[in-house]
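Novice: Produce the entire structure from the sequences given, and follow the hints as far as they go.
Per the numbering used here, the sequence shown runs over residues 264 to 471.
Simulated from the structure, these hints should not be mistaken for lab results. Every value quoted in this text rests on a predicted model; they were computed, and no experiment measured them. Check before you lean on any hint, since a few could be wrong.
Stated by the list, open to error - With a Cα cut of at most 25 Å, we get these calculated SDA-like pairs of lysine to any residue:
no., residue 1, residue 2
1, 439, 454
2, 439, 451
3, 418, 382
4, 417, 401
5, 418, 466
6, 418, 457
7, 418, 360
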Amino acid sequence: MPITVFKIGGSLLEVAGLAERVEGLIAQRPETTAVLAVGGGGVADVVRRWDAVHSLGDEAAHWLAVRSLSINEGLLCNVLPQCVPVSTPAEAAAHAKAGQVTVLASEAFLRHDDNSSEALPHNWEVTSDSIAARAAVCFEAAELVFAKSVSLPKKRDIAAVQSRRLIDSHFYQLAKSIPRVGWINLRQQQEIEPWLELGKPVSSKRSL
Numbered sequence: 264m265p266i267t268v269f270k271i272g273g274s275l276l277e278v279a280g281l282a283e284r285v286e287g288l289i290a291q292r293p294e295t296t297a298v299l300a301v302g303g304g305g306v307a308d309v310v311r312r313w314d315a316v317h318s319l320g321d322e323a324a325h326w327l328a329v330r331s332l333s334i335n336e337g338l339l340c341n342v343l344p345q346c347v348p349v350s351t352p353a354e355a356a357a358h359a360k361a362g363q364v365t366v367l368a369s370e371a372f373l374r375h376d377d378n379s380s381e382a383l384p385h386n387w388e389v390t391s392d393s394i395a396a397r398a399a400v401c402f403e404a405a406e407l408v409f410a411k412s413v414s415l416p417k418k419r420d421i422a423a424v425q426s427r428r429l430i431d432s433h434f435y436q437l438a439k440s441i442p443r444v445g446w447i448n449l450r451q452q453q454e455i456e457p458w459l460e461l462g463k464p465v466s467s468k469r470s471l
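Specialist: Structure below.
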């Protein structure tokens, strides 16, 4: 069964009814195996402040930020029934067959992927957006869906979306390797909107 990676923005973890919103999101792609990749939100921002105060350096700050994601992954596993962490496509498929919701164990995934020549760089240009995108590439996902607290802007090319700081600056290097990328404002519980195909914007039905 094809895989869809859903990136759940960290700011959404403080929204009431999170479990119902995520379950509704997954239900929009019933024909695929869902893997949830959780954003850093306020927890990752703490690491940013630590880095600014203590000059931790890229390597230390990167892994502290990645490790902080485990807190948010733990929250999601607590609010969603039968939720389990996974770090490989095989684990995701096995748990999907058992009817379980899967959450990307970001640190375990990245520690293993760090041996790859295409591993993510260790700096603040990489956030959970690119971690989710890298997982989509490695899992050979059919689609990556960004669930955010904001809607996709009218100007839809990657550079424009990055200029609004809605996506990290490393994402464009991964986008061309992902068949489809969607976007949804989960605070407003919209339907998933097509955004990119192999890195190129999909025509919007909205008036420009």
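Novice: Given the hinted pair residue 418 and residue 466, is their alpha-carbon gap at most 25 Å?
Specialist: 11 Å, holds
Novice: Check the hint pairing residue 418 with residue 360 against an upper bound of 25 Å on the C-alpha distance.
Specialist: Violated - the C-alpha atoms of residue 360 and residue 418 are around 39 Å apart, more than 25 Å.
Novice: Verify the proposed pairing of residue 418 with residue 382, using a straight-line Cα cut of 25 Å.
Specialist: 30 Å, violated
Novice: Regarding the pair residue 439 and residue 454, is the alpha-carbon distance no greater than 25 Å?
Specialist: 23 Å, holds
Novice: Hinted pair, alpha-carbon criterion (25 Å max): residue 418, residue 457. Please report holds or violated.
Specialist: 14 Å, holds
Novice: Has the given pair, residue 439 with residue 451, been kept, meaning a C-alpha gap of at most 25 Å?
Specialist: Cα-Cα ~28 Å, so violated.
Novice: Does residue 401 sit within 25 Å of residue 417, going by the straight-line distance between their CA atoms?
Specialist: 30 Å, violated
Checked against the numbered hints above, the structure violates hints 2, 3, 4, 7; every other hint is satisfied.
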